[in-house]
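J.: One point on numbering: in the working numbering, the residue at position 79 of the sequence shown is 242, and numbering is uninterrupted.
Certain hints may be false.
What the hints assert, rightly or not - Calculated lysine-lysine pairs in the BS3-like style (CA-CA distance at most 27 Å, straight line):
| no. | residue 1 | residue 2 |
| --- | --- | --- |
| 1 | 203 | 190 |
| 2 | 204 | 190 |
| 3 | 204 | 218 |
| 4 | 194 | 204 |
| 5 | 167 | 190 |
| 6 | 190 | 175 |
As the list claims (entries may be wrong) - Estimated spans, in silico, between C-beta atoms of each pair:
| no. | residue 1 | residue 2 | range |
| --- | --- | --- | --- |
| 7 | 238 | 196 | 21 to 31 Å |
| 8 | 204 | 240 | 30 to 40 Å |
| 9 | 164 | 204 | 41 to 51 Å |
| 10 | 246 | 171 | 43 to 53 Å |
| 11 | 201 | 245 | 20 to 30 Å |
| 12 | 222 | 244 | 21 to 31 Å |
Derived by calculation from the structure, the hints in this document are not laboratory data.
All values reported here derive from a predicted model rather than from experimental measurement.
No residue lacks a Cβ here, since even glycine has one placed at the ideal position from N, Cα and C.
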Amino acid sequence: DEFKDLVDVLLKYDRFFLLADYEDYIKCQEKVSQVYLDTKKWAEMCVYNIASSGKFSSDRTIAEYAHEIWDVEPTWEPLPSPHAHVIAGDNPDQNGIKK
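Could you put the whole structure together from the sequences, leaning on the hints where they help?
T.: Dropping the structure here:
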């Protein structure tokens with residue numbers, strides 16, 4: 164009963180669908196757990212996964228997202244140190260830019 168309200172909201176009013184595929188997730192996780200117990204099969208699947216990853220690169224992926232999805236161009240301006248304004252005694256605005 165302690166979590167009744169939370170469960171009720173998640174089951175009936177969850178606009179983010181946190182539990183929409185939970186049953187499928189559990190079924191898949193059970194399969195993963197079974198395969199993990201078979202070390203030979205697990206190793207085989209790991210090798211296939213790595214071999215199938217192709218040309219994945221996080222840098223390339225982010226560049227593609229920037230261009231194709233966000234419609235922004237990269238900038239080479241260096242980011243300020245997270246604590247630069249504290250060290251320098253300056254007061255940054257809400258975006259972290261020194262005034």
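J.: All hints, please: hold or fail.
T.: Structure-based check of each hint:
no.	hint	verdict
1	203 - 190	22 Å, holds
2	204 - 190	19 Å, holds
3	204 - 218	25 Å, holds
4	194 - 204	12 Å, holds
5	167 - 190	24 Å, holds
6	190 - 175	22 Å, holds
7	238 - 196: 21 to 31 Å	45 Å, violated
8	204 - 240: 30 to 40 Å	49 Å, violated
9	164 - 204: 41 to 51 Å	43 Å, holds
10	246 - 171: 43 to 53 Å	45 Å, holds
11	201 - 245: 20 to 30 Å	46 Å, violated
12	222 - 244: 21 to 31 Å	22 Å, holds
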